[in-house]
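Residue strings, one per chain:
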Amino acid sequence: DVKVTQSSRYLVKRTGEKVFLECVQDMDHENMFWYRQDPGLGLRLIYFSYDVKMKEKGDIPEGYSVSREKKERFSLILESASTNQTSMYLCASSFQGTGNQPQHFGDGTRLSIL
Amino acid sequence: GQQVMQIPQYQHVQEGEDFTTYCNSSTTLSNIQWYKQRPGGHPVFLIQLVKSGEVKKQKRLTFQFGEAKKNSSLHITATQTTDVGTYFCAGRNDYKLSFGAGTTVTVRA
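In order, the protein sequences belong to chains A and B.
Going by the working numbering, the first residue of the first sequence is number 1, and it counts up by one from there.
Going by the working numbering, the first residue of the second sequence is number 1001, and it counts up by one from there.
Keep in mind that the hints were calculated from the coordinates and are not lab data.
The structure displayed is predicted, hence computed values, not measured ones.
Glycine included, every Cβ here is placed at the ideal spot set by N, Cα and C.
Mixed in with the good hints, there may be bad ones.
[To be verified] The calculated lysine to any residue pairs, modelled on SDA-like cross-linking and capped at a C-alpha distance of 20 Å, are:
1) K1036(B) <-> M88(A)
2) K1096(B) <-> I113(A)
3) K55(A) <-> K1096(B)
4) K1059(B) <-> K1070(B)
[Said to hold, decoys possible] If we take Cβ atoms under 10 Å as the criterion, some of the chain B residues that face chain A in the derived model are:
5) P1008
6) Q1009
7) Y1035
8) H1042
9) P1043
10) F1045
11) L1097
12) G1102
13) V1105
14) R1108
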């Protein structure tokens, strides 16, 4: 079974702090994704990566950056946390392959910015 | 950009009844995927539809992809308490999936 592991289940930080969310997958997937999930808005894509050191902006990249130094690890960085970034953050991974591969999600990090 | 709209947002169902949730895209999709998220859990892939007019079944769940590849539906028959959760459709373009807001299903026993 695919395992996508997010470093923290719950996290509380203060406004202005630099916040790191870590995600590791064990299936040698090329693609990795960061989403945030808010009630009534579904999952919104923040950033994704289709290879090491490659990154692409998703639909809501403002206030975030990412890092992919190793294939199995994809980090989401909040440069200066703000209260409107309080949310559930979900990491996902998938094979690149031909066609369209399903995404496998981690358990999520519920981040609160005070 | 691509938008995927999903209705209804909430579905309260009597156990044993049927219901349908709908997904509509502003653009033609290369494929559509459906995910289920149980309360407190993470989204789990259910199925993918690729061909125009495609219909797939998983036990009591029937998934359909529209002829124009701009809409999809999930129909659940004889709803059970195990069907509780949020069902998301996600339309695919290039590497990205655009998720709908989800239909949250509760079941009255």
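Structure-based check of each hint:
no. : hint                  : verdict
1   : K1036(B) <-> M88(A)   : holds (16 Å)
2   : K1096(B) <-> I113(A)  : violated (28 Å)
3   : K55(A) <-> K1096(B)   : holds (12 Å)
4   : K1059(B) <-> K1070(B) : violated (25 Å)
5   : P1008                 : violated (12 Å)
6   : Q1009                 : holds (7 Å)
7   : Y1035                 : holds (8 Å)
8   : H1042                 : holds (4 Å)
9   : P1043                 : holds (5 Å)
10  : F1045                 : holds (4 Å)
11  : L1097                 : holds (7 Å)
12  : G1102                 : holds (5 Å)
13  : V1105                 : violated (15 Å)
14  : R1108                 : violated (22 Å)
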